[in-house]
Amino acid sequence: MLDALIGGLLLVLQWKAFSLMLVGMGLGFVIGLLPGIGGAATLALMLPFVFAMTPAEAFAFLLGMHSVAATTGDITSILFGVPGEALSAATVVDGHPMAKRGEAGRALGAALMSSLIGAVIGAAALAVSIPIVRPLVLTFGSPELFMISVMGIACITSLSGIGARAQIKGFAMGLLGLLLCTIGQERQSGGLRFDFGLIYLWEGLDLIPVLVGIFAIPEIIDLAARGTAIAGEKPAGQLGAGVWEGVKDSFRHFWLVMRCSAVGVFVGILPGAGGGVAQWMAYAHAVQSAKDAKDRERFGKGDVRGVLGPGAANNSKEGGDLIPTIAFGVPGSGAMAILLGAFMIMGLVPGPDMLTKHLAVTYSMVWTLVIANVIAVLLCFVFLNHLAKLTQIRGSLIIPFVLLLVFVGSYTSNSHIADLLVTLGFGALGYLMVRFGWPRAPLVLGFVLGKLVETYLFISMARYGFSWLTQPLVLVLIALTVLVIAYPFIQERRQGTTGRVYAD
Amino acid sequence: MRISAPSIFSFFLAVLAAFAIGSAWSWPFKTQLFPLVTAIPLLVLALVQLMLDLRGKAGPADGPAVDLALSSEVPETIARRRTLLTFAWMAGFIALVFLIGFPLAVPLFMFCYLMLQSAAGWWRSLALTAVAWGFFYGLFERLLRFPFGAGLVQTWLGL
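In order, the protein sequence lines correspond to chains F and H. First residue of the first sequence: 141, per the numbering used here; consecutive thereafter. First residue of the second sequence: 550, per the numbering used here; consecutive thereafter.
The hints are simulated quantities; they were obtained by calculation from the structure and are not laboratory data. Every residue, glycine too, gets a C-beta built ideally from N, C-alpha and C. Be a bit skeptical, because a hint or two may be false.
[Said to hold, decoys possible] Restraint-style ranges between C-beta atoms, simulated for each label pair:
{"id": "1", "chain 1": "F", "residue 1": "V268", "chain 2": "H", "residue 2": "R630", "range": "53 to 59 Å"}
{"id": "2", "chain 1": "F", "residue 1": "T194", "chain 2": "H", "residue 2": "G605", "range": "51 to 57 Å"}
{"id": "3", "chain 1": "F", "residue 1": "L623", "chain 2": "H", "residue 2": "S572", "range": "54 to 60 Å"}
{"id": "4", "chain 1": "H", "residue 1": "L634", "chain 2": "F", "residue 2": "L142", "range": "56 to 62 Å"}
{"id": "5", "chain 1": "H", "residue 1": "R691", "chain 2": "F", "residue 2": "L153", "range": "36 to 42 Å"}
{"id": "6", "chain 1": "H", "residue 1": "M600", "chain 2": "F", "residue 2": "L620", "range": "28 to 34 Å"}
{"id": "7", "chain 1": "H", "residue 1": "A567", "chain 2": "F", "residue 2": "P612", "range": "17 to 23 Å"}
{"id": "8", "chain 1": "H", "residue 1": "M664", "chain 2": "F", "residue 2": "N554", "range": "49 to 55 Å"}
{"id": "9", "chain 1": "H", "residue 1": "G605", "chain 2": "F", "residue 2": "G330", "range": "46 to 52 Å"}
{"id": "10", "chain 1": "F", "residue 1": "E437", "chain 2": "H", "residue 2": "A567", "range": "52 to 58 Å"}
{"id": "11", "chain 1": "H", "residue 1": "A699", "chain 2": "F", "residue 2": "G605", "range": "40 to 46 Å"}
{"id": "12", "chain 1": "F", "residue 1": "H556", "chain 2": "H", "residue 2": "R630", "range": "55 to 61 Å"}
{"id": "13", "chain 1": "F", "residue 1": "F541", "chain 2": "H", "residue 2": "L596", "range": "39 to 45 Å"}
Build out the structure end to end from the sequences listed, making use of the hints.
This is the structure we're talking about:
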């Protein structure tokens, strides 16, 4: 174990892996500031670039980028009230009022420091959990893995919106993702499905054009439709001093930061529950931690605790997210679903192999989370003023650069012109989904997990017939899946309302 | 009962699922199992959603998903025009790639977009095009040595 831990560190510190991590961090740094492009979209955009890399280099590059994007996303949330990331929305609630009050520096210092602490806690949780989940994972066969995949899709659909009605859309999208995965040659019998006589479709739809189209294009369209800078018309203002005051705040409320980090790890571990949920739960916990009603009234008006909680949870959930992704192949969020694509590209199979044969690679991910966040926070403190100015650049100047990334990235997956058409087609689908309130995450998760689900189902049926449905662990997982599906309905009945829309 | 854009989207999903079921019905068992297992419930859910859309029962839970929410700051007609224009630019870029290949399409698209759409002016457009092309050339052609195929025009001319 210790050998693997040290081996993981050495993998990250190799010059090529370290350089790629710095490149990824640079991208994540900028992307985190751009609300038009989320961290998940950036992961999808960068996926084609990992083909020529070793696993340790690829994960240093991708995780370095992703973890830093979560950190810098807080900057625009605080300065302009514009979440740099969907995961940074809760930071706006108290961070932006602080900025309007002239305490932008303090809010930024608090957000960055709590993010760093959260990232370290998340990485530690990932490292510690590996020996714990290892024996558990080794007992899981195809029937259990099939049910876990189904439960993962059920989880993410149940979080697609609040209320029974939202579940319909969530599940429909999850099923559509699974159905899209059936395009091409069926792996067990070799039969062709939905190929329309096109050789291009024999191999099925490629992950990258689908992901890039669905995630990136709707956000580009929205930026173009607004016709403003990314941060809108909001003035940059003065950051002022107080950064160190914010850093001190993280230690004044150290236990709150620790508890919110734990919330982030816990939510991250739950398949399907992403950072969007973690930050709001952490914010809710920060509010609950108020001494009395009068103390509670300060939240929403610029209380630094309202910045510390979501900041810590945002980054700690990265480590938590990786636990089910690595150990079970069930992504904890949309971004992890995309990262799962990187596993496939690298020829790695998430699950027992990652905890035995490739343990050093797994630990290199832990180290990447820690090292990337430490460097990012230090750099943030140095370049804070200049970086924030990016959001003041006209959107029309940024869009062609992003389009370039979108289409070149898609093309490099297969070197086929049809990939560009698939990207555009799925971009249009993604746009319509956003427009009509259909969640994109379940579709992506269904698409990513589709082949695994079908394979596990096939092996389970071939090995056990229908008797796999009566295995004890499978029954427990079925019960949990039913609970996950039924919970929103129970909640709606209890509240006696048709449900409230998420504050997200 | 009213036909709205969301109901058309739900109808499209139902048609897609029905088509998948119809296609898979005649396939061998192993090939048809998974498509049917996914398409049949998809059809049911799409039809339920279609009914809800047609009845116009849009409760709060039927609002935006936990996802990106499109901005509503710009009037609908302007937003629609800009949306279509951006899709047209993307389609144009794909057409350019098809005709002249990536290495030429990238600088041409960048310059045209910056000049015509962004109104960035000659010097700024040239400078930003150079930056984009430098990134493209440096990363893909020099560092990764990625083989970009020739366009239709180069193939015709035998270049």
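Taking the hints in turn, this is what the structure says about them:
1. Taking 53 to 59 Å as the suggested C-beta distance range, the pair V268/F and R630/H conforms, at roughly 54 Å.
2. Distance hint check: the CB atoms of T194/F and G605/H are about 56 Å apart, consistent with the given range 51 to 57 Å.
3. A hinted range of 54 to 60 Å is violated for the C-beta pair L623/F and S572/H, which are about 35 Å apart.
4. Our hint of 56 to 62 Å for L634/H and L142/F holds, since their Cβ atoms are close to 59 Å apart.
5. Taken as a hint, the range 36 to 42 Å is violated for the pair R691/H and L153/F, whose Cβ atoms sit roughly 26 Å apart.
6. At roughly 30 Å, the beta carbons of M600/H and L620/F sit within the given window of 28 to 34 Å.
7. Remark: the range hint 17 to 23 Å for A567/H to P612/F is contradicted by a beta-carbon distance near 38 Å.
8. Between M664/H and N554/F the Cβ separation comes to about 32 Å, which falls outside the hinted range of 49 to 55 Å.
9. Remark: the range hint 46 to 52 Å for G605/H to G330/F is upheld by a beta-carbon distance near 47 Å.
10. Evaluation of the 52 to 58 Å hint for E437/F and A567/H yields a pass: the beta carbon distance comes to about 55 Å.
11. In this structure, A699/H and G605/F break the distance hint of 40 to 46 Å, their C-beta atoms being roughly 54 Å apart.
12. Checking the proposed 55 to 61 Å range against H556/F and R630/H shows it is violated: the Cβ atoms sit about 32 Å from each other.
13. One distance hint, 39 to 45 Å for the beta-carbon pair F541/F and L596/H, holds here, with the actual separation near 42 Å.
Of the numbered hints given earlier, the model fails hints 3, 5, 7, 8, 11, 12; all others are met.
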